[in-house]
Structures are given as C-alpha cells and as structure tokens.
Amino acid sequence: MFSFHSIKDYQSTLLNGQTTCVEAVSYYLQQIEAQKHLNAFLEVFTEDALAQAARLDALQLSGKPLGKLHGVVVSIKDVICYKGHTVSAGSKILEGFTSVYNATAVEKLLAAGAIIIGRNNCDEFAMGSSNENSAFGPVLNALDNERVPGGSSGGSAVAVQAGLCMISLGSDTGGSVRQPADFCGIIGLKPGYGRISRYGLIAYASSFDQIGIFGTQVSDVALALEVIAGADDFDSTVSHQPIPAFSESLQNTSPKKYRIAYFKEALEHPSLDTEIANAIKTLITQLQSEGHTVEPVAFDLLDYIVPAYYILTTAEASSNLSRFDGIKYGYAAKDDFANLTDFYKKSRSAGFGKEVKRRIMLGTFVLSAGYYDAYFTKAQQVRRMLQETTKQVFGNYDVIIAPTVPSPAFKFGEKSNDPIEMFLADIYTVFANLVGIPGISIPLFKHSSGVPFGLQVMAAQDNEVTLLQLSDSLLQNKPL
Amino acid sequence: MEVNKTMVENLAHLSRLHFTDEEKNALEQDLQSIISFVEKLGEVDTTGVQPLQHMSTEVNVLRDDIVQGSITREEAMLNAPATDKTFFKVPKVIKK
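Quick mapping for you: the protein sequence lines, in order, are chains Y and S.
Counting from 94, one number per residue, gives the positions in the first sequence under the numbering used here.
Counting from 743, one number per residue, gives the positions in the second sequence under the numbering used here.
The shape of chain Y in the complex, shown without the other chains (with noise of 0.2 Å):
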C-alpha cells in the first residue's frame, strides 16, 4: 500500500524500487475517486498525469538526472495555466477556457519531474476566504465536512489536507494560502512579493498576489519553492535576487537565538479568539524561557490594515477585470444586446459571480473621479506608513508572529452574509501582502472545538529562509 510520508523519503522508495510514480498516481487517483464529496478538485487530469509517470519511471530506468521533483504529485488551484487544460479561475465567466501557455510556475514544476493531477475548486477570482464564492460549489474541510475549508485557495488546502496529492499551489493576495492552511491544518507559505514569477497565474490585485505553496513538511514546501522561484523573461515585477537553497537550508541547522517580535495589538484585538491568543502567549513564554527574545511591538496601524487593502485591491481587480469582455475569451452574450456596451454588460454581468461583482464596483468607486485621492491614494499612504514601520521592527528582530485568523474554521453559512465580517476575518494574514514580506501558517494547535488552527511566521523581504528555518524547528518541537 503506497502511502506519502515526505518527498524525500518517497523519491528514495522510487529509487530503491519499493514504489513507482505510476504506482503513486494511481493511488492518488483512487483517493481523489473517494474523497469526491470534498469537491477538492474541479479536474482531474487522470490520462496525463498517468502518462507522465510513466515517462519519469522510464527516464529513472534509462539512468539519466532526474529532476529536483521527480515523481512528486502535485495539484494547483484553478487560477493557474496549464497548457492544453481547462483554467476557470472558479467562476463561470471562463468555463470551459483553455490555456494555451503554461504559467512559468507550471512551467518550472514540469521541468523538474513533477505530475500535475488535476485543478483545485477555489473562490472565484480567489476573492472569498470561505471558498463558498466559488460558481462550481464549495469545498469542504475534510476534518469536519459541515466547516469551511478556508479560502481563496480552499481547494488546494484539502487536497493537501485530504491526502489527495503531496503539495499543491494555490495564489494568496490577502491571506488566500495561510488562512485554508490554518483552517485545515497543514503549512501554507506565500513567499514575499516578487519570489515567484506570476507568468500565467490569473491576477486578482497584481501589487498583491503571490503564488503560495500547501504542503505537510517544511522540507517539501522549500523544496518546491526552490524549483519555482526566480527570476522570468515573462514577468518584469520577479525579484532579480539569486535564490537561497532553500531546502539545503534547513539541514544541519545549528540552533540559534532568535529575536522574534509581536504585534501587542493584535494579541489584544477585540475579535481574537481567547483559546487562540492563549495559545501565542503560552509559545511566547516557552519561546523566551528557552533563550530567544521574544517582545512585544507597537503597532498603531493595525485597525487599518483591513480598510486599506479592501481598497487597493478592489481597485486592482476592476482594472485587471476589464479584460473580460466576452469577445476574446470568456462568456458572450448571445442576443438581446443593443449594442457593444450593451453586449460587454450582459456578458459580464452573466459571467461574473456577486462577490466579484460586488468587488469590481467597489474598486471602480474608490478609483472614479472626485474620490480617486480621498479613498485610493490614502490608501496608497498608509501602504507607504505599514511598509516604512515594517522595516524598522526588521531592523530589531528575525521575524514576526502573530495568529493567521482570529478565529479557527467557522461552519458554512455563518459569515456569508455580512462583506465586514468575513474582511475582517483577514486581519492578520493582509499585512504581509501589503507590506510584501513573505509568511507562513505552520499547523502547532488544535482548538476545543476539534479543529486545529495555526501560528503565522513573518520576515523581512527575501528572507524566506529564516522563516522556513524557524517553521522547521517549531514543527519538529526542537530547540530553535
């Protein structure tokens, strides 16, 4: 019986012979086969991935270099391109598109040897944090099916979760990737802003989105980060800087002291779950009896964090949306128009979910004529204000903690109908994107009510290796 342990340990069973990577698809066919309910997956790509591990389990046999990922199975959230294959960004306004290029990230994954199963459900656009946004129906969190996965990327979280492949990429502008980690129990690493090339990734807010990473290993997380990170003839905004051996980088680490700062007012915040803010407070002591230091940070921006990104995103995404015009790709409207402004509103309108419409107007408002500087451009500012303060608390310390959401996975139906509420809901996790810094929701705690929630990692720019260095040590309960 094939089971997944690390991708380490599973390519040293590929090499001594004790398992193939046809054998390993295959079983992960049958568990997507049976874990349907779930709607992890929009697609399976059965024939192909089959077809791929054959090809790799020749290429082993021929005796030639195999690649940094030879065998791992991998899924990605439906917003990411694979060439020759549906991509639907959850919604229905692109039902049925087919990519015709390969995102580099996809690119890069193939190149190393890894098998792309199939495509995660997401919320459409990947605006939602509950993945009940999506046109193809919600994912359920498979520790208890009446809870939600999380979201954006709820999807490819339960995949992960669920056994269903060994990591999987999903996109995080607000939190899309460490808010379903948290929810679900796994690792979910959205690097820092500019690490992965985007080529191919379906934009949402572009000075936001990042491409994010899902696994149960910190080794594997650095390991597929390692293959698809870096520089791209494809995507200008991609950070020039050589990429760290990631997973070398957590082998052989000596222990050090870190200096580790928190948010004061974020342990404090009014909407923070007691179990959760006890649990951080209890890590913080054990953290500083053992010799790392370990203090608190004033952070008077905190209650507009949420505001100034529901702007700069929403003013994002009704730019970015515009391309859907029903005439190059997408839905069309097919009579009853009157004209082309007539035909583009009846076939966007048609397309396009509530909550992505809701968010196109809202962006369209702050970016009109007479409110562009009152709402946007403030916005602008206080991005400007986060950022400066986030250099100097890095300038004092290694990374920054916090919790990822302030509550753990809530049941479906419960914040759907309030906008504030579930935005709320991302207090912890928009910092980083605003601010570009990677971070990290590492699986340390389960909650009374059954469901496990997770710690939040931050670093300075580029610096995902302390993170990842740090996460390891705090997962495997070692001296850091």
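Simulated from the structure, these hints should not be mistaken for laboratory data.
Keep in mind that the hints are not guaranteed to be accurate.
[Said to hold, decoys possible] A few chain Y residues that don't get close to chain S, going by computed Cβ distances all over 10 Å:
1) Ser-96
2) Phe-229
3) Pro-335
4) Ser-411
5) Lys-439
6) Phe-487
7) Asn-489
8) Pro-512
9) Lys-539
10) Ser-542
[Said to hold, decoys possible] Straight-line distance between alpha carbons at most 20 Å, and here's what the computed DMTMM-like set of lysine to aspartate or glutamate pairs gives:
11) S:Lys-831 with Y:Asp-428
12) Y:Lys-447 with S:Asp-826
13) S:Lys-827 with Y:Asp-418
14) Y:Lys-421 with S:Asp-826
15) S:Lys-834 with Y:Asp-435
16) Y:Lys-447 with S:Asp-763
17) Y:Lys-421 with S:Glu-817
18) S:Lys-837 with Y:Asp-435
[To be verified] Residues of chain Y clear of chain S, computed beta-carbon distances all greater than 10 Å:
19) Gly-110
20) Thr-113
21) Gln-124
22) Val-137
23) Leu-154
24) Gly-230
25) Leu-236
26) Gly-323
27) Leu-365
28) Thr-367
29) Thr-457
30) Ala-467
31) Gln-474
32) Lys-504
Glycine included, each C-beta is placed from N, C-alpha and C at the ideal position.
Following the hints, complete the assembly by docking chain S onto the known chain Y.
Quick look at chain S alone, frame taken from chain Y:
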C-alpha cells in the same frame, strides 16, 4: 459618503455591469456599509507621505529586443466565442 441609486447606476455603467433593481438595492446597502468601513482610513494622518505605487524592488527590467513568436493565431482564437478563424467577431460598432 452617502451612496444612492444614481451613484450605483453610474458605477455599474463604468464597470460595464448590468443589475436588476433588486440587485441595485442590495448593492446600495453593501457599498454603503463597505465604504463607511474603509473611511476609517480618514483617521490616519498621512500629511507628507508619498503614496506607495510599486511593490517590486526591480527597476528598469530590460531585455534585448529579439523577434520571436508567442502563440499562434489558432491558439489566440481558440477560446474566442465568435470568430471567422482569422478575426474576432464583435457586435456591429459602425452605423450606416
């Protein structure tokens, strides 16, 4: 900021979206509550702060201008709802 029906209709037009009267009423309320919520930013003193417009630390990313293909015409047309295989078809825009 008070949101009213005229404003919702104007934003809908700018957004190239169409809403029923019922949807307009719901949007009016939603936008009102969301806009009131984000107006909290008004409390922050941002005097003299330069707006942050670019997140990337990369400046002037240039490459040599090499003539090369991207996707074929067939691929470009693949997802078009209406095409004659050479051009995208659009509703009539020129009046006689």
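Hint check results:
1. Chain S leaves Y:Ser-96 outside its interface by the beta-carbon criterion, the shortest separation being 40 Å against a cut-off of 10 Å.
2. The non-interface label for Y:Phe-229 is consistent with chain S: the shortest C-beta to C-beta separation is roughly 18 Å, beyond 10 Å.
3. With a closest Cβ-Cβ approach of about 14 Å to chain S, Y:Pro-335 is found to remain outside the 10 Å limit, as its non-interface label requires.
4. Under the 10 Å C-beta cut-off, the non-interface status given to Y:Ser-411 relative to chain S is violated; the minimum distance is some 7 Å.
5. Look at Y:Lys-439: its CB is around 6 Å from the nearest CB on chain S, not clear of 10 Å, so calling it non-interface is violated.
6. With 10 Å as the threshold on Cβ separation, the claim that Y:Phe-487 sits away from chain S holds: the shortest Cβ distance comes to roughly 14 Å.
7. Against the 10 Å criterion, Y:Asn-489 stays outside the reach of chain S, whose nearest CB is about 21 Å from its own CB.
8. Non-interface call for Y:Pro-512 relative to chain S: violated, since the shortest CB-CB distance, roughly 6 Å, does not exceed 10 Å.
9. For Y:Lys-539, the shortest C-beta to C-beta distance to chain S comes to about 33 Å, beyond the 10 Å cut-off, and the non-interface label holds.
10. No Cβ of chain S comes within 10 Å of the Cβ of Y:Ser-542; the nearest lies about 28 Å off, and the non-interface call holds.
11. Between S:Lys-831 and Y:Asp-428, the direct Cα distance comes to roughly 14 Å. Compliance with the 20 Å bound is thereby established for this hinted pair.
12. Restraint check for Y:Lys-447 and S:Asp-826: not satisfied, since their Cα atoms lie roughly 33 Å apart, outside the 20 Å limit.
13. The suggested pairing of S:Lys-827 with Y:Asp-418 holds, with an alpha-carbon distance near 19 Å, which does not exceed 20 Å.
14. Of the supplied pair hints, the one linking Y:Lys-421 and S:Asp-826 holds, its CA atoms being roughly 12 Å apart against a limit of 20 Å.
15. The suggested pairing of S:Lys-834 with Y:Asp-435 holds, with an alpha-carbon distance near 12 Å, which does not exceed 20 Å.
16. Distance restraint check for Y:Lys-447 and S:Asp-763: the Cα-Cα separation of roughly 15 Å lies within the 20 Å cut-off, and the hinted pair is therefore satisfied.
17. At most 20 Å may separate the alpha-carbon atoms for a hinted pair to count; Y:Lys-421 and S:Glu-817 meet this at roughly 11 Å.
18. About 16 Å separates the Cα atoms of S:Lys-837 and Y:Asp-435, which keeps this hinted pair within 20 Å; it holds.
19. Y:Gly-110, annotated as away from the interface, keeps every beta carbon of chain S farther than 10 Å; the closest lies near 41 Å.
20. The Cβ of Y:Thr-113 sits about 34 Å from the closest Cβ of chain S, beyond the 10 Å cut-off, so the non-interface label holds.
21. In this structure Y:Gln-124 is separated from chain S by more than 10 Å, as the shortest Cβ-Cβ distance comes to about 32 Å.
22. Every C-beta of chain S lies more than 10 Å from that of Y:Val-137, the closest at about 22 Å, which supports listing it as non-interface.
23. With a least beta-carbon separation of about 35 Å from chain S, Y:Leu-154 lies farther than 10 Å from that chain, consistent with its non-interface assignment.
24. The beta carbon of Y:Gly-230 is kept farther than 10 Å from every beta carbon of chain S, the shortest such distance being approximately 22 Å.
25. The claim that Y:Leu-236 lies off the interface holds: its Cβ sits roughly 32 Å from the closest Cβ of chain S, which is beyond the 10 Å cut-off.
26. Separation of Y:Gly-323 from chain S is adequate, the least Cβ-Cβ distance of about 13 Å exceeding the 10 Å criterion.
27. No Cβ of chain S comes within 10 Å of the Cβ of Y:Leu-365; the nearest lies about 19 Å off, and the non-interface call holds.
28. Its beta-carbon lying about 25 Å from the closest one in chain S, Y:Thr-367 satisfies the requirement of being farther than 10 Å from that chain.
29. Against chain S, the non-interface label of Y:Thr-457 is violated: not every CB pair exceeds 10 Å, the least being about 5 Å.
30. Not every CB of chain S lies more than 10 Å from the CB of Y:Ala-467, the least distance being 8 Å, so the non-interface label is violated.
31. At roughly 4 Å, the least C-beta separation between Y:Gln-474 and chain S is not larger than 10 Å, which violates its mark as non-interface.
32. At roughly 22 Å, the least C-beta separation between Y:Lys-504 and chain S is larger than 10 Å, which holds for a residue marked as non-interface.
The structure fails hints 4, 5, 8, 12, 29, 30 and 31 (numbered hints given earlier, in ascending order).
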